[in-house]
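Q: All chains, full assembly: derive it from the sequences and hints.
Read top to bottom, the protein sequences are chains A and B. Mapping to this note's numbering: the first sequence position 317 is 322, numbers consecutive. Mapping to this note's numbering: the second sequence position 249 is 255, numbers consecutive.
All the pointers check out, no bait thrown in.
Facing chain A, from chain B, some residues (calculated, C-beta under 8 Å):
id, residue
1, Asn13
2, His22
3, Val38
4, Asn164
5, Val170
6, Cys185
List of simulated lysine to aspartate or glutamate pairs, EDC-like, C-alpha gap at most 16 Å:
id, chain 1, residue 1, chain 2, residue 2
7, B, Lys42, A, Asp212
8, A, Lys357, B, Asp180
9, A, Lys357, B, Glu16
Simulated from the structure, these hints should not be mistaken for lab results. Backbone N, C-alpha and C fix where the C-beta goes; we use that ideal spot for every residue, glycine too.
Listed below are the residues making up each chain.
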Amino acid sequence: MIFVFIIILEKKIQNMNKNNDNVNLELRKFIKNLGYIAGGTALLASVPWLQSFTPEKLKEIKNKKARIALIGTGSRGQYHIHNLLQIPHAEIVALCDNYPPNLKVASELCPKAKTYTDYKKLLELKEIDGVIISTPLNWHAPIVLDSLAAGKHTFCEKAMALTMDECKAIYEAYQKTDKVLYFGMQRLFDEKYIKALQMTHSGLIGDIVGMRCHWFRNNDWRRPVPAPHLERSINWRLYKASSAGLMTELATHQLEVANWALKRIPESVVGMGDIVFWKDGREVYDSVSLTYHYKNGVKTTYESLIANKFNGMGEQILGNKGTMDLAKGEYFFEYAKPAAGILQLINQIEQKIFDNIPAAGPSWVPEIALEHKPNYVVEGKININEGLSMIGVDKDGSEELIASFCQAAITGERAKNIVEECYCSTILCLMGNQAMDEQRKIVFPEEYKIPYINF
Amino acid sequence: MNSSYCNYYESSSLFHGSLLNIMGTRFDIVAVGGTKTVSESLWNEIISELVRLDKMLNRYDKESDIALINARAIYAPVKVTPEMWNILSDCKQYYDITCGLFDITLKDFSQVYLNESDKSVFFLQDNISFDVGGYAKGYAMEKIKALLSFDIEHAFVNFGNSSVLGLGHHPCGDYWSVCIENPYRAGDILGTVQISNNSLSTSGNMPSHPKHIIHPISGEYIEKRQIVCVVTPNSVDAEILSTTLILANDKERADILSRFQVNDIRIYNNIGEENTKHE
Numbered sequence: 006m007i008f009v010f011i012i013i014l015e016k017k018i019q020n021m022n023k024n025n026d027n028v029n030l031e032l033r034k035f036i037k038n039l040g041y042i043a044g045g046t047a048l049l050a051s052v053p054w055l056q057s058f059t060p061e062k063l064k065e066i067k068n069k070k071a072r073i074a075l076i077g078t079g080s081r082g083q084y085h086i087h088n089l090l091q092i093p094h095a096e097i098v099a100l101c102d103n104y105p106p107n108l109k110v111a112s113e114l115c116p117k118a119k120t121y122t123d124y125k126k127l128l129e130l131k132e133i134d135g136v137i138i139s140t141p142l143n144w145h146a147p148i149v150l151d152s153l154a155a156g157k158h159t160f161c162e163k164a165m166a167l168t169m170d171e172c173k174a175i176y177e178a179y180q181k182t183d184k185v186l187y188f189g190m191q192r193l194f195d196e197k198y199i200k201a202l203q204m205t206h207s208g209l210i211g212d213i214v215g216m217r218c219h220w221f222r223n224n225d226w227r228r229p230v231p232a233p234h235l236e237r238s239i240n241w242r243l244y245k246a247s248s249a250g251l252m253t254e255l256a257t258h259q260l261e262v263a264n265w266a267l268k269r270i271p272e273s274v275v276g277m278g279d280i281v282f283w284k285d286g287r288e289v290y291d292s293v294s295l296t297y298h299y300k301n302g303v304k305t306t307y308e309s310l311i312a313n314k315f316n317g318m319g320e321q322i323l324g325n326k327g328t329m330d331l332a333k334g335e336y337f338f339e340y341a342k343p344a345a346g347i348l349q350l351i352n353q354i355e356q357k358i359f360d361n362i363p364a365a366g367p368s369w370v371p372e373i374a375l376e377h378k379p380n381y382v383v384e385g386k387i388n389i390n391e392g393l394s395m396i397g398v399d400k401d402g403s404e405e406l407i408a409s410f411c412q413a414a415i416t417g418e419r420a421k422n423i424v425e426e427c428y429c430s431t432i433l434c435l436m437g438n439q440a441m442d443e444q445r446k447i448v449f450p451e452e453y454k455i456p457y458i459n460f
Numbered sequence: 007m008n009s010s011y012c013n014y015y016e017s018s019s020l021f022h023g024s025l026l027n028i029m030g031t032r033f034d035i036v037a038v039g040g041t042k043t044v045s046e047s048l049w050n051e052i053i054s055e056l057v058r059l060d061k062m063l064n065r066y067d068k069e070s071d072i073a074l075i076n077a078r079a080i081y082a083p084v085k086v087t088p089e090m091w092n093i094l095s096d097c098k099q100y101y102d103i104t105c106g107l108f109d110i111t112l113k114d115f116s117q118v119y120l121n122e123s124d125k126s127v128f129f130l131q132d133n134i135s136f137d138v139g140g141y142a143k144g145y146a147m148e149k150i151k152a153l154l155s156f157d158i159e160h161a162f163v164n165f166g167n168s169s170v171l172g173l174g175h176h177p178c179g180d181y182w183s184v185c186i187e188n189p190y191r192a193g194d195i196l197g198t199v200q201i202s203n204n205s206l207s208t209s210g211n212m213p214s215h216p217k218h219i220i221h222p223i224s225g226e227y228i229e230k231r232q233i234v235c236v237v238t239p240n241s242v243d244a245e246i247l248s249t250t251l252i253l254a255n256d257k258e259r260a261d262i263l264s265r266f267q268v269n270d271i272r273i274y275n276n277i278g279e280e281n282t283k284h285e
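A: In structure tokens:
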């Protein structure tokens, strides 16, 4: 993480040199943030997947480059290419796609890379350290398993796979290999999520009593199809043979965050799913509402609808003393907001920092009304993902995630928890689909439990 | 209505309690090192004590002890509780040692007759009344200090920013370091004060309240843009000093200071003006 942030820091310095105002001040502020995010043992203990990214590890990969191959060069693959081109320790050496227009675009972005239409041929290449897979969901399991078997460090987009059996197969393969395996759970690398969850876990909003997640859009979720025979491969998200719909495409991220927040996994789920508006021959729901139930009685409600975008995307942790809105990086107190100086003091003590307390003056002027004013997790302007893009947004952790994968592809060091987090959230998504398909409560199946899980 | 809030931060054994609309302001305590149970039970005691004192000392509450004295002592001597007797005697003593500048009548304390024998109070003029606003927060702080003394070694207590108590020290430092904010310029820090087992009291005018300090002898409002901060071991002393030093001339100031134990004193002049140097 430190390392990843150093890249961003360098970029910031470059930008600041361009603008050249208040360089020191901005820089100091940023380093302070960095100091917090790097925050020693407390931080690393709460985000174990970042433990491999210390400055010492950074020295190890100085002047080294991870040789990266991409399988799947559609919109998400191209998004990764743009990020990879900014990462000094990455070099794109091979590209594979069975859809020529996408392969052509990718190849123009990195002309030196070899091109393939058969991923198995690509995996035979010896000069590949890491493989990045951005394919339709039904291809995740076969390609991940082949890539690990070929001895490649592997990164695959979320969700983990189309079926629970495939997830289990990937999980088991991961237990047997010593290779690195990453999944595209970028919220684990998003500064505002990391800080917000640390604050939540420190007790800022009291006990967690509920969780609400939603993702709303208003579009048909389709891509233009040049010829009718390409419908199922281009619009793979809409068909059950290649997709599990809104759950695997959107809910995976949010259910992962819910598990992270609650530090436990729900034991059952009920839900309803329908095709309400986009009756265009698609097979997956365009409207889902589910309730995940945890052993302690807490519930995560999940809603997604793609014919109304008013509510956008959001994840709210509900505490008995406040509410953390993760996507917006804001939190609210149930009661009057603690005085700013006192809040600063609390944060200092929590972070083990000694500093001044701005808390003296002639008198405190009473606040008139108890308003729900937001408090901000990260100071300054932050990027908020409104959830409308089908590809990805800037500064949502994806860049840091890919950068750390490339580092791991050089060192061979596996990141903790990422596979397990993706496994759990994918199984929960698939359980949700099953609950909606069969219109009954689905309990976490015994055969898919892994030791990582705490109910 | 008072509205209270509290939270315990397990990872640093940190307790935060906040009480709104108390003695005309808000109250916050950050206590370190106590268990959740101990801290919460102390917090309940603190709330009860603050509410009790507010009910006793708030002149605007018609049923408070002070309001009853104000309503009746112009007609006949009013017998008071032992605690009220001690408070009034204390205020009399402060009046005597501050050249008459600390005056809870805001006019002329000499027109108050305190009868030791039956612990009664009588106003010799009918335009006399008590306002213990300049005393009450310091008194409350001392009560809280006593409540905390057995279980909590380190705490930062803030009574509306104008009264601050630092017990022990910040968990990561040797003291509590408090910034004094300039009420006329947001974000401007006049200075920082280190406190440890002592109290900081701050007095001065503010843009929102340009005329709220009255000179008891001349009867005129003090309108200068000055901030006075005083650190003393005793919370009441700090309150009395910050209030009276704003009123005092140079001679009175020297006189008054010779009678108190003072750890630190800061006087910031002309703070509303541009290019002011703070020392």
